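Sequence lines, in order, name chains A and B. For the first sequence, our numbering assigns the number 170 to the initial residue and increments by one for each residue that follows. For the second sequence, our numbering assigns the number 167 to the initial residue and increments by one for each residue that follows.
Please keep in mind that the hints were generated in silico from the structure rather than gathered at the bench. You may find that some hints are simply not true.
[To be verified] Derived lysine-lysine pairs resembling DSS-like cross-links, with alpha carbons at most 25 Å apart:
1. LYS384/B x LYS318/B
2. LYS380/A x LYS476/B
3. LYS369/A x LYS476/B
4. LYS384/B x LYS462/B
5. LYS416/B x LYS199/B
6. LYS318/B x LYS175/B
7. LYS206/A x LYS564/B
8. LYS193/A x LYS391/A
9. LYS318/B x LYS462/B
[Said to hold, decoys possible] Residues from chain B shown here face chain A by an in silico Cβ test under 10 Å; the list is partial:
10. VAL169
11. GLU172
12. ARG174
13. HIS375
14. LYS428
15. SER523
16. TRP525
17. ARG528
18. GLN535
19. GLU565
20. ARG570
21. ALA573
Model, not experiment: these values are computed from the prediction. In this text, a Cβ means the ideal position worked out from N, Cα and C, and glycines have one as well.
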Amino acid sequence: MYTAGIDIGSVSTEVVILGDEGVKGYSVLDSQVDIEKTAEEVLDIALDMARLKRTDIAYAVATGYGRNNIHYANRQVTEITCHAIGAHFLFSNTRTIIDIGGQDSKAIALTNDGQSGPRVVDFCMNDKCAAGTGRFLEVMARVLDVGIKELGPLSQKSTTEVNISSMCTVFAESEVISLIHQKYAKEDIISGLHTAIARKVLSLVQRLNIKEEVTLTGGVMKNIGVVEKL
Amino acid sequence: MTVVEEQRKRQREFFALQFQKRLKRSPGYSPLKSSQARERAMFRLFLESFREGSIVVWKSTFVPSEIIYSLGAIPLYIESFSAVAAAIDICPPMLDASEKCGYSRDSCSFLRAVLGASHKDILPRPDALVSTSYYCDGDPKIFDILAEEYKKPHFYLHVPYAAEAEWAVEALAEQLEEITLELARLTGKPFDRERLSEIIQNSNEARKHLLKANELRKHIPAPMLGCEAIDYIASITQLWGSPELVRASKLLCEELEERIEKGVAAVNPERFRLLWCHLRPYYNDEVFNYLEGQHKAVVAFESINLITWKEMNPAKPFRSLAEKLLANPAIGPYERMSREVVRMVRDYQIDGVIWMSPWGCRHFNSMAQLIKDDLRTVLDVPFYILDLECIDKRNYSKEQVRTRLDAFIEVLGGRKEGCTQRG
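Just need the whole structure built from these sequences, with the hints factored in.
Written out as C-alpha cells, the structure reads:
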C-alpha cells in the first residue's frame, strides 16, 4: 500500500510517498499563490520519482497552512502533530521537537507510552509575529547579499558576535544595514542573527517540560549556524 | 430641548437600534430565554443611563455595583461597554480615536476602546467614577484621565494584595463605606442602609441561582454552550444587586433543568469538555463556534463564571461586599487561582484547559505559565495558552488561531485514544 503526505507551508510545499519499504518518492516546490495547483504539481513529481500513478495512493494526509484546500487528501492534520509523529518515525527516542519553519516556530513535547504510539502532549508556537523564522533569515540574507545556504558556513567563521534584536524583522533588517555601514564583518552579523533566532525559539521551548532526545526540524535547521546556537 | 439633551437622545436612539440588531441576530444556535433576558437587562441599563436626570457612576471591573444601585444611580461598567461595543461592531473608530491621542496599541483594548469612546463623546456622561487597584493597575490611571476629561471626581478603591488577611476585609469595608457616603453626598441621593440591605439580598438570591446553574452545568453532556454561558460573566457582571439578575438566573436554572431532563446536549456528540479561562473575543463567535460546532469540544465551564464568595450578610453590607471582593481568586498570590483551576477541572471533568491570553492583559498573562506548570504537576491535564484578542478585531488572525485550536484538539484526541487503548 502506498500513502502520501503533503505539507503546504508558507514558503515551500512538499510531498512524500511512503510504501511498505519506506520512502518511494518526494518532491519540494516553492509555495505559489495557487495552492491547489502547486499541490497537484508537487504530487505529480513525487509520483514520477516513485514510478506510481494517482490511483496507487490509498490514503493521503495534508498538513500546513493550506491543509484544508487539498482535494485529494483524505485527512487534515496540523503541522504540530505531523512534525512530532514524523520526527518520532525517524528518531524513535524523540521526546521534544524544535521546529523553525518559514513563518512560525514551535516547540512540541511528545510521549510514547508504548501502547498507543507516539502522541503530542504539549506544544507552543510563536505568537503575534514571525520574526526569528525562515522569512527572517531570507530577508537578512538578501540585505547581506549572500545566499541562504551560505549563512550557516559563514557564521562558523565568526570571531566576534554582535547583538541583534529579534523583536521585529523590519527593525532587525535596519539594524543589520546599520552594522554593515559600521563595517562589522558579515560573518559576525550572521552569527548574531543566528543567536537572536536561537534565543527566540528557546524562550518557547522552555515553556515545555523538556525531555531528551530533542529533534530539530524545519527548513531553518538546515542552517548549521542556527543548529550550533541551539 | 437643550443641545446636550438632543445629543443624549440621538445617542440613546443610536444604541437602541444597535442593540435591537444584536438581539435579532442569529448566533448559530437558539439562545436560552434567560440569556436573552440577561442581555436585554444589560442593554436597558445602558440606555437608561442616557435619560435626563439619571445619575451615572462609571465603574471598573470589581467595583461592587450594589453600592451604586443602593443610591438609585446607574453603574456603567466601562469594560463591559467595550465588550458590547465590539459585539455591535462600533469599536474600530473608537480604537482609532484612542490611538490618535497617543495610547499604545499594546495596551488593554477594553480601556483603549473606552478612551476612544470618551474622546468621541458617545458614552453617557458620568457623575462620578470609581475604580479599583485590582484587576489591573491600568484601570485607576485611565479613570484619572477620564475624570479629568469629564471634570468629575474619581474614587479609588485600594484592594489589598493580602486578600486572606483579616485586616484586608476591614480596610476594604471602610473604604467601601466611605466611597458610598461620598457618592451619596455628591449625587444628592441620601444613603439608605436598608436599601443597601435589600440590594444585598438581591445579590444573595442571584448568587444562589447562579451557584445552582454552575452545579447543573457539571452534567454530562453539557446542557449549555460555553459561547452563550461566558456572557454571564457571573463573577463580575454589573447586574449584581439588580432584580433583573435574580430573574434571569432563576430562569437559567429552570431552563438548564429542563434541558437535562429532556436529555438535550449543547454539543452532540460531546467529544471533549473544555475549561475556558479569561474572557472571549467579543467581535465574533468564530472561536467558540469552531470549538463547539466543528470539533464538538464543548466549553463546559468558564473561570469568569466562578462564584467564590460566601452568602453576604445584609446587616453588614460593607463588610460582606469587602469579603466578596477579596474572595476573587485573581487577587493575591497566583496559587489562589491555581487552586480554583484545579477544582474546576475536577468538578467539570475537564479534558483540556484553554487559557486565553490577550495581548494587553499583563496581569492575567503573568499567571498563565505558573498555573500551567501547577496543573501539569497535580492533574496532568493539557493546558494551552492561546493568544487571542477580546476587543480589537484588527489583532485577530483566523487561520493562526484555527491551527492552534486544531493542534490542541489533536492533543486531546491523542490522549483520549491512548486512554481508550490502554483500557
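Unsatisfied constraints (hint numbers, rising): 1, 2, 3, 9, 10, 11, 12, 13, 14 and 17
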